[in-house]
Amino acid sequence: TQTVSQSDAHVTVFEGDSVELRCNYSYGGSIYLSWYIQHHGRGLQFLLKYYSGNPVVQGVNGFEAEFSKSDSSFHLRKASVHWSDSAVYFCAARSTGGADRLTFGKGTQLIIQP
Amino acid sequence: EAAVTQSPRNKVAVTGGKVTLSCNQTNNHNNMYWYRQDTGHGLRLIHYSYGAGSTEKGDIPDGYKASRPSQENFSLILELATPSQTSVYFCASGDIWGGVEQFFGPGTRLTVL
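Just so you know, the protein sequences line up as chains A and B, in that order.
For the first sequence, counting from 1, position 66 maps to 66 in our numbering; every step adds exactly one.
For the second sequence, counting from 1, position 29 maps to 29 in our numbering; every step adds exactly one.
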């Protein structure tokens, strides 16, 4: 069974702080990994993806994520958060050899305090 | 700009009634997806499609049918709606990297009484 786990349902930080949102996966073989953001009442928006090469990938609005095969992880980071980063963040994965479909984690709500 | 639209945006249905949720995309993507989002479950895939005339079962297809009559349109059909199908439904399209990058619609909030 392929799974994507986001261990933190909520993360609270102050504006200007750095943040790391955690994602772990359980897949056999090669996978694609991605992160999405969902602002309240909206659909999801793609942030970034990883397949191979440099394990650190850059996304929009200063987000980056780092892939670790040894830890089966793909954590999302931002050096200095803004109040507009308040949202729910979803990690997603798909097997490179499988169907064109994603498996999503349950999401992490990022709360930015002023 | 890529665009995925859904209709209706809100729907109240009665138990046992038929509900059709519609999705239209102007991205010219082959792949389209239907998800439901519930607190504590994240997004779960109901059905997806690789192109006109194609439908595939996702992780939770029971109680749902899908129809893809054209490249642009993908419908989700609840033949006999139940209260357990009360949820927010999202449609998405995406071909890039085999569906890794998907474009989502704004969602439909369905309440089944």
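Please keep in mind that the hints were generated in silico from the structure rather than gathered at the bench.
There's no promise every hint is true.
Within a straight-line C-alpha distance of at most 16 Å, the following computed EDC-like cross-link-like pairs (lysine to aspartate or glutamate) qualify [unchecked claim]:
#1 A:Lys106 to B:Asp62
#2 A:Lys49 to A:Glu66
#3 B:Lys18 to B:Asp62
#4 B:Lys57 to A:Glu64
#5 A:Lys106 to B:Glu79
#6 A:Lys78 to A:Asp17
#7 A:Lys49 to B:Glu101
#8 A:Lys49 to B:Asp59
#9 B:Lys18 to B:Asp95
#10 A:Lys78 to A:Glu64
#11 A:Lys69 to A:Asp8
Okay, the hints, checked on the actual structure:
1. A:Lys106 to B:Asp62: 21 Å, violated
2. A:Lys49 to A:Glu66: 10 Å, holds
3. B:Lys18 to B:Asp62: 15 Å, holds
4. B:Lys57 to A:Glu64: Given that 16 Å is the threshold and the Cα spacing comes to 33 Å, the pair is violated.
5. A:Lys106 to B:Glu79: Since the Cα atoms of Lys106 of chain A and Glu79 of chain B sit roughly 28 Å apart, the hinted pair is violated (cutoff 16 Å).
6. A:Lys78 to A:Asp17: Holds, at about 9 Å.
7. A:Lys49 to B:Glu101: Roughly 8 Å separates the two Cα atoms, so the pair holds.
8. A:Lys49 to B:Asp59: Violated, because 23 Å separates the two Cα atoms, which is more than 16 Å.
9. B:Lys18 to B:Asp95: 31 Å, violated
10. A:Lys78 to A:Glu64: 6 Å, holds
11. A:Lys69 to A:Asp8: Roughly 20 Å between the alpha carbons, so the hint for Lys69 of chain A and Asp8 of chain A is violated.
Consistency note: the structure conflicts with the earlier hints numbered 1, 4, 5, 8, 9, 11.
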